[in-house]
Amino acid sequence: MEEAIDEFIRYLSFVKEAKENSLVSYRRDLMRLLFFMRKESINSWSEVTEDQLYSYVRSMNEKLMADTTISRHISTIRSFWHFMVESGELENDITEGLKAPHIEKSLPKILTEREIAMLLEQPDINTPKGKRDKAMLELLFATGIRASEITRLRIDDIEFRLNCIDFKNFGQDRIVPFGQHARSAIMDYLKGGRLNLLGDTVDEGILFLSATGGKAMSRQGVWKMIKKYGKMAGIKVDITPFSIRHTFASHMIENGADIQVVQEMLGHTDIASTQRYADNKHNYIREIYQRTQPR
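In terms of my numbering, the sequence shown opens at residue 414 and continues consecutively.
Hints are supplied without guarantee of correctness; some may be wrong.
Stated by the list, open to error - For each label pair, taking beta carbons as the anchor points, the in silico distance ranges come out as: (1) Lys429 x Ile455: 45 to 55 Å; (2) Arg471 x Lys581: 15 to 25 Å; (3) Thr462 x Glu526: 56 to 66 Å; (4) Lys644 x Thr481: 35 to 45 Å; (5) Ile455 x Ile588: 31 to 41 Å; (6) Thr540 x Tyr424: 42 to 52 Å.
I should point out that these hints are in silico values taken from the structure, not numbers from a laboratory. As the structure is a computational prediction, the values presented were derived from the model and not from experiment. For glycine and all other residues, C-beta sits at the position ideal for the given N, C-alpha and C.
All chains, full assembly: derive it from the sequences and hints.
Put into structure tokens, the structure is as follows:
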């Protein structure tokens, strides 16, 4: 049975080109399932019944595992069974009836203007790294772009004449404007910070460079930077690139921006993704009304 798991992992690695952390997660989930089935005296995947899979899911519920974890396990089992059927190792896909728990997608807390100001005050703009961090934070709050986007930005993606980011190099017909604060911070970084971070490394035109090696910052580096300044500012809520993106979108809609404009700026292909921010605004209004209206 373990050999089948190994074959599935090889398939994911070489055919699907899954990332290493995904492969580790798939293997861990399937080994947990294998351990459960062996306790049930199952010696072959073909012996597993639909009822036994249901029992396995129930066992996870009884252990009070998170809904997200259970959903991931079910997704892994389905993928594995589909692979086994497609490869001829099993005749029937008995996972079709497995239902993943419904997961409410909650949006992060919207940062207040005071919290934003406190966060933006933290970088030491007398250092190259501080200039970079200040420019990144200003640009994130001004545009709502993703961490994966800001780490890939090149200097020539910035249109200083128009104060905007042009995403044509990303294969997108998308332009996102930014204000004077972001522009000034980026200019300050380019004049007095970036070359110091670049050092002797060949300049490939990446806008935001890591403090070591002069290469592009990683997404993890952006996360750590934001969390560090959030802690320094004494902000109690967890701050991530997504919570900054969420704050940007929510403030835009609260201030009257058209939802389709916000959709375009965020790069959402489906307006339903943007609609969540409008719904969040309505929930906030309802909450304030219920708390303050005596009748």
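Here is how each hint holds up against the structure:
The hint said 45 to 55 Å for the Cβ distance between Lys429 and Ile455, and at roughly 27 Å that hint is violated. Taking 15 to 25 Å as the suggested C-beta distance range, the pair Arg471 and Lys581 does not conform, at roughly 52 Å. Distance hint check for Thr462 and Glu526: the Cβ-Cβ separation is about 58 Å, which falls inside the suggested range of 56 to 66 Å. The given range of 35 to 45 Å is broken by Lys644 and Thr481, whose C-beta atoms sit roughly 25 Å from each other.
Take Ile455 and Ile588: their Cβ atoms lie about 57 Å apart, and the range 31 to 41 Å is violated. At roughly 48 Å, the beta carbons of Thr540 and Tyr424 sit within the given window of 42 to 52 Å.
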